[in-house]
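J.: Fit chains B, C and D with the ligands to the given chain A structure using the hints.
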Amino acid sequence: MRVRVYVTLKPSVFDPQGRTVTEALHSIGHDAVRDVRQGKYFELDVAAGTAAEASRIASAAADTLLANPVIESYRIDVDDPAAVGPGAAR
Amino acid sequence: MRVRVYVTLKPSVFDPQGRTVTEALHSIGHDAVRDVRQGKYFELDVAAGTAAEASRIASAAADTLLANPVIESYRIDVDDPAAVGPGAAR
Amino acid sequence: MKFAVVVFPGSNCDHDAYHAVKHVLGQDAEFVWHKDASLRGADVVLLPGGFSYGDYLRTGAIARFSPIMREVTRFAAGGGPVIGICNGFQVLLECGLLPGAMLRNRSVQFQCEFVHVRVEQVDTPFTAACVPGQVLRIPIAHGEGNYYAEPDVLTALEANRQVIFRYTTASGDVTEAANPNGSLNNIAGICNTQRNVVGLMPHPERACELAVGSRDGLVVLESVVKSVSSAGGALAGSPQ
Amino acid sequence: MTSGPISDSVLERHGLKRDEYARILEMLGREPTLTELGIFSVMWSEHCSYKSSRVHLKTLPTTGPRVLQGPGENAGAVDIGDGLAAVFKIESHNHPSFIEPYQGAATGVGGIIRDIFTMGARPIALLNSLRFGSLDLPLVRRTMTGVVAGIAGYGNSIGIPTIGGEIGFDESYTGNPLVNVFCLGISRADEIIKGTASGAGNPVYYVGAKTGRDGIHGATMASAEFDDKSAEKRPAVQVGDPFMEKLLLEACLEVMKTDTLVGIQDMGAAGLTCSTCEMGSRGGAGVEIDVSLVPQRETGMTPYEIMLSESQERMLLVVKRGREAEVERIFEKWDLHAVCIGTVTTDGRMRVKDRGTVIAEIPNTALTDEAPLYRRPMQEPAYLAEVRRFDPAELGAPAAPAAVLRRLLASPGVASKRWVYRQYDHMVRTNTLVTPGMGAGVVRIKGTTRALALSADCNARFVYLDPYVGAQLAVAEAARNVACAGGEPIGATNCLNFGNPEKPEVMWQFAKAVEGMGAACRALGIPITGGNVSLYNETDGRAVLPTPVLGMVGLLEDADRAVRRTFREAGDVIVLLGESKAEIGGSEYLKVMHDRIAGSPPALDLAREAGLQRLLVAGAKTGLIRSAHDCAEGGLAVTVAESCFDTGIGAVVDLEAVGAPDQALTSVMTLFSESASRAIVSVVPARVPELLELAREHGVPARRIGLVGGSTLRFGIDGVPVAEVALAEAQEIWETALERALEVEPALA
Ligand SMILES: Nc1ncnc2c1ncn2[C@@H]1O[C@H](COP(=O)(O)OP(=O)(O)O)[C@@H](O)[C@H]1O
Ligand SMILES: [Mg+2]
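Read top to bottom, the protein sequences are chains A, B, C and D.
Quick note: the first sequence uses this note's numbering, first residue 3, plus one each step.
Quick note: the second sequence uses this note's numbering, first residue 3, plus one each step.
Quick note: the third sequence uses this note's numbering, first residue 571, plus one each step.
Quick note: the fourth sequence uses this note's numbering, first residue 9, plus one each step.
Chain A on its own, in the form it takes in the complex (with noise of 0.2 Å):
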């Protein structure tokens, strides 16, 4: 099963790369770009039977290893077969 992981920096912690993408993006010209964070982004194939034994699966791993807590916090978004997936893609 497919899972999404995000893991971001948590809204305290100043993040340097996405300040630099904000004032590179100013720099030509995409002004109502007003802010932008930065963060990480996984996809994982879980072998699982059900959504939410992969989001268990996922968050033992976000937990143990894909963010550290002491400056990102983490979503998570399980790709259910069954349901349909949010936003566009492209």
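Please note that the accuracy of each hint is not assured.
[To be verified] Think about it this way: if two alpha-carbon atoms lie no more than 25 Å apart in a straight line, the pair counts; the simulated SDA-like pairs of lysine to any residue are:
id	chain 1	residue 1	chain 2	residue 2
1	A	42	B	13
2	B	42	A	34
3	D	629	C	605
4	A	12	C	752
5	D	425	C	784
6	D	59	D	19
7	A	42	B	45
8	A	42	C	679
9	A	42	C	592
10	D	328	D	207
11	B	12	A	12
12	D	218	B	30
13	A	42	B	14
14	A	12	B	14
15	B	42	A	53
16	B	42	C	678
17	A	12	C	802
18	A	12	C	725
19	D	218	B	61
20	A	12	B	13
21	B	42	D	751
22	C	605	B	34
23	C	592	D	454
24	D	341	C	723
25	B	12	B	31
26	D	218	B	45
27	D	629	D	751
28	D	218	B	18
29	D	218	B	31
30	D	218	A	45
31	D	589	D	454
32	C	605	D	302
33	A	12	B	33
34	B	12	D	302
35	D	218	B	29
36	D	265	D	454
37	B	12	A	39
38	C	605	D	207
Derived by calculation from the structure, the hints in this document are not laboratory data.
T.: Just chains B, C and D with the ligands, lined up with the frame of chain A:
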């Protein structure tokens, strides 16, 4: 408006980080995670009146800077304040 | 006196540390492979710089699961002196032996250059031979050395005098310009509450001979030799 | 083996000409299979076969008392004493770096490092030579930023210091940057390992990254020009994995200590194909492999794809029969899995099977020694008549010398490259005695008293104006740079970056440059132990400036005597070694102030050059010469300025002392002429006579031209300033110019 941009390596492009993370997960017992691909995740704060406009602005930013079209592709997700957001936040 | 230089896959300052300890300092040094189960009776543990696991995911994130880290943790808990340099510091942060985390440098670039750091505290095994306030000229070489800790953690670090090295000007002033990477409070190195585990981003082992630009870093290694010998081995944390 | 008829379009896609195909038919005695056609196409590509360049390269001097390995192996090697060898080579990754700057440059670094440790040498230093278009263009800035980050990302991770290099800028590189990377390693002289397969029945092992579909036909791509259709021909971009390479490096060096290997070769351009047939060909043996045994990253890969993939970080090993377990165990220690994919045979053929069925069978020599060889037509380019007509009088009245100096210091070609090398770990391994920015990079060899000085150089404007003399000047400059550091030049490698060899004018440039390079190396006694040719560096029919880059290795017997470019102490005497003439052709001055590349390059007297280099080495040995800096781009004025930077001490120079008595040079000529075979050195006052005497013995004109001291750069005649700039201001201009040029412009209103 909040726009999320997910940048992933094209499927044909080798992802050494993802492979190393997969192996690390296996070595600490997370065998159910069969494969990991690592990408980038951006949260943009966009000045836009409509979701469509926000999406257009984010696409332009992704095309020029956030994604490298030679090896990456991206997906955009607008957090339309009117609609209900996807995914379990954590 | 013996130093264990831990080698993770991707460590690349292991030979430099070994050279400094063995050939400059004249002490015994031994490489310890990350899959080993024993520190082989070492008196000091040194986690070297480099790119363990390619720095993939996050610096130090994967190395902390190496089998040897269990031994290192036990050694540290027993009061044994442990130093993490650059990537070694990042490993110590990831495994929780030291508090905080590393962010990308403010410049978003890898930076290799000489900097100045001020020795803030001399009551750790790695600064015991220093003069308080002594300024060392030693190099940095990292892309993620921007030290971060949550406000309460930072307050506690300062209150407990756990900040051991700070980036300063050549004359020892803490300024914004002297901070190469954006670290909070210009922090270059810290210790744990027991003060036996020290981590720092600059590379003292690269500054042990004038031929390579500076010998200011040698005092860090000399300190631990002094501490261990004066403690008569009492610092050695591993049950041999 | 069955095959369909091969159509013109299939041949074209493989970059093969009809007559080349006819030779394939003749060599095989039958129609090739598609896999075989693919194999021929990569092996006979310009990149792998050197079909246009080989006849010329043969004329280069490749031997000498120190040469342990000349061209033909993965890298060259020279004896550096104490039973040690320096193993080194330079290679280009131009085309991939344009398509994807970060990964293209990174994988270039990965490739050259493999070439060095393949020989059993531990890599200890990297250099890079880069060329970009004008930094006014956002595309160029992005390319340069990406290339530098890619080089840093790979080299830093592996832990090999990048101790020097050079960067040039010219519009001709806009759509075709040059990314040349040099690596040097150290091995025991008697333990050099070759890329050879021999001993029938010995197993052939594959180790490293799994094979994917990346880079298929990369070698063929590097053998074609860029045009608007290039996008379609793009192979999947190769992504570097420095962590994997670090493991391979350590594991291979460990295996090599065990005497279990017959030969080893990395899989670079043309991947498995190239390593298989080259190893067989060198050992006079055959190699049989089964592609189904090759570790694969993707599913459903065809034998064609597996054979042609250019996935990075892979090695092919021939192991002594009976020693397999030892080899496997060492790789396992490093979490690598060595897989046996075939055996050595006696029949001199490359035989490829897929689950036992033969799908390709070609005599090795057909792919290597008997590959096509062309004597391409040559013709002197028409532009030369035009540029030679240049008359300095056309330029009109010169600008004020101080203003010119400021402009030159801000020119990206002259400005400090700190923005670049700060991103490179140049200190790891704690051997770097002279860091980037201080002249040729110098690394000590631990366990000995010796050190090596390394430099990469080429002034492409000079080569453009006169390929023969220009290439000689490149050799001279590279050798002079290492000599300034105190190193005796003992060997070189070259990377020849040119346009489309099918154009007679490009081929003429190439041939003349190789001729000049050979002549210079012979005169200076420097063997060329290997190198790389990169042709088809063109965009929309326009070639890059011909850029034959030299990577030079200099030996210092005494590491403690390494010399830096910077003056040491106020009161020291500044001495100009060499003759200054009115030579402004091809200069930085002409380019920056008048936007022209014209005239003739400076004249070069090779005997005088050799004398200067010997003098510099001798003067360094005794500590007589306290600082030395080669006089190159920007001439005397820039050289003096750079000698002051980072010291905080200025200089006072008397221009009247500079010119030869019989030459009335104008101030601008004196300050900015780029006459060859010159260096600015400093010496304590008491030892000036000693230096002048030593110079006389070496046949080198030497003049006392000024003193170190003060807080300005001051050039005067009879005490009257001709140009004076505050040192702090000059340094600020020079230090920040590149950063400012690379910064993204402020947002438009
Ligand atoms: N691409 C690069 N990588 C590392 N160092 C570089 C690079 N380009 C230039 N440098 C360093 O900057 C200094 C000045 O370069 P250059 O002007 O070519 O020097 P030189 O006068 O010695 O020919 C040298 O020490 C050189 O090693
Ligand atoms: Mg140069």
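J.: Compare the structure with each hint and give your call.
T.: Hint check:
1. A/42 <-> B/13: holds (17 Å)
2. B/42 <-> A/34: holds (21 Å)
3. D/629 <-> C/605: Between residue 629 of chain D and residue 605 of chain C the Cα gap is close to 47 Å, so the pair fails against 25 Å, i.e. violated.
4. A/12 <-> C/752: The hint holds at about 17 Å.
5. D/425 <-> C/784: Measuring from Cα to Cα gives roughly 23 Å; hence the hint holds.
6. D/59 <-> D/19: holds (18 Å)
7. A/42 <-> B/45: holds (11 Å)
8. A/42 <-> C/679: holds (18 Å)
9. A/42 <-> C/592: With Cα atoms ~41 Å apart, residue 42 of chain A and residue 592 of chain C exceed 25 Å; violated.
10. D/328 <-> D/207: holds (8 Å)
11. B/12 <-> A/12: violated (28 Å)
12. D/218 <-> B/30: holds (23 Å)
13. A/42 <-> B/14: Between residue 42 of chain A and residue 14 of chain B the Cα gap is close to 20 Å, so the pair holds against 25 Å.
14. A/12 <-> B/14: Since the Cα atoms of residue 12 of chain A and residue 14 of chain B sit roughly 32 Å apart, the hinted pair is violated (cutoff 25 Å).
15. B/42 <-> A/53: Roughly 24 Å between the alpha carbons, so the hint for residue 42 of chain B and residue 53 of chain A holds.
16. B/42 <-> C/678: Cα-Cα ~16 Å, so holds.
17. A/12 <-> C/802: It is violated: about 46 Å lies between the C-alpha atoms, which goes past 25 Å.
18. A/12 <-> C/725: holds (19 Å)
19. D/218 <-> B/61: Given that 25 Å is the threshold and the Cα spacing comes to 34 Å, the pair is violated.
20. A/12 <-> B/13: violated (30 Å)
21. B/42 <-> D/751: Measuring from Cα to Cα gives roughly 24 Å; hence the hint holds.
22. C/605 <-> B/34: Answer holds: residue 605 of chain C to residue 34 of chain B is near 23 Å, not above 25 Å.
23. C/592 <-> D/454: holds (13 Å)
24. D/341 <-> C/723: violated (39 Å)
25. B/12 <-> B/31: violated (28 Å)
26. D/218 <-> B/45: Distance ~34 Å between residue 218 of chain D and residue 45 of chain B Cα, so the pair is violated.
27. D/629 <-> D/751: Since the Cα atoms of residue 629 of chain D and residue 751 of chain D sit roughly 43 Å apart, the hinted pair is violated (cutoff 25 Å).
28. D/218 <-> B/18: This hinted pair holds, its Cα atoms lying about 11 Å apart.
29. D/218 <-> B/31: holds (23 Å)
30. D/218 <-> A/45: holds (21 Å)
31. D/589 <-> D/454: violated (43 Å)
32. C/605 <-> D/302: violated (28 Å)
33. A/12 <-> B/33: violated (28 Å)
34. B/12 <-> D/302: Since the Cα atoms of residue 12 of chain B and residue 302 of chain D sit roughly 23 Å apart, the hinted pair holds (cutoff 25 Å).
35. D/218 <-> B/29: Between residue 218 of chain D and residue 29 of chain B the Cα gap is close to 19 Å, so the pair holds against 25 Å.
36. D/265 <-> D/454: holds (19 Å)
37. B/12 <-> A/39: The hint holds at about 22 Å.
38. C/605 <-> D/207: With a Cα-Cα distance of about 36 Å, the restraint between residue 605 of chain C and residue 207 of chain D is violated, given a limit of 25 Å.
Consistency with the previously given hints fails for numbers 3, 9, 11, 14, 17, 19, 20, 24, 25, 26, 27, 31, 32, 33, 38, ordered from lowest to highest.
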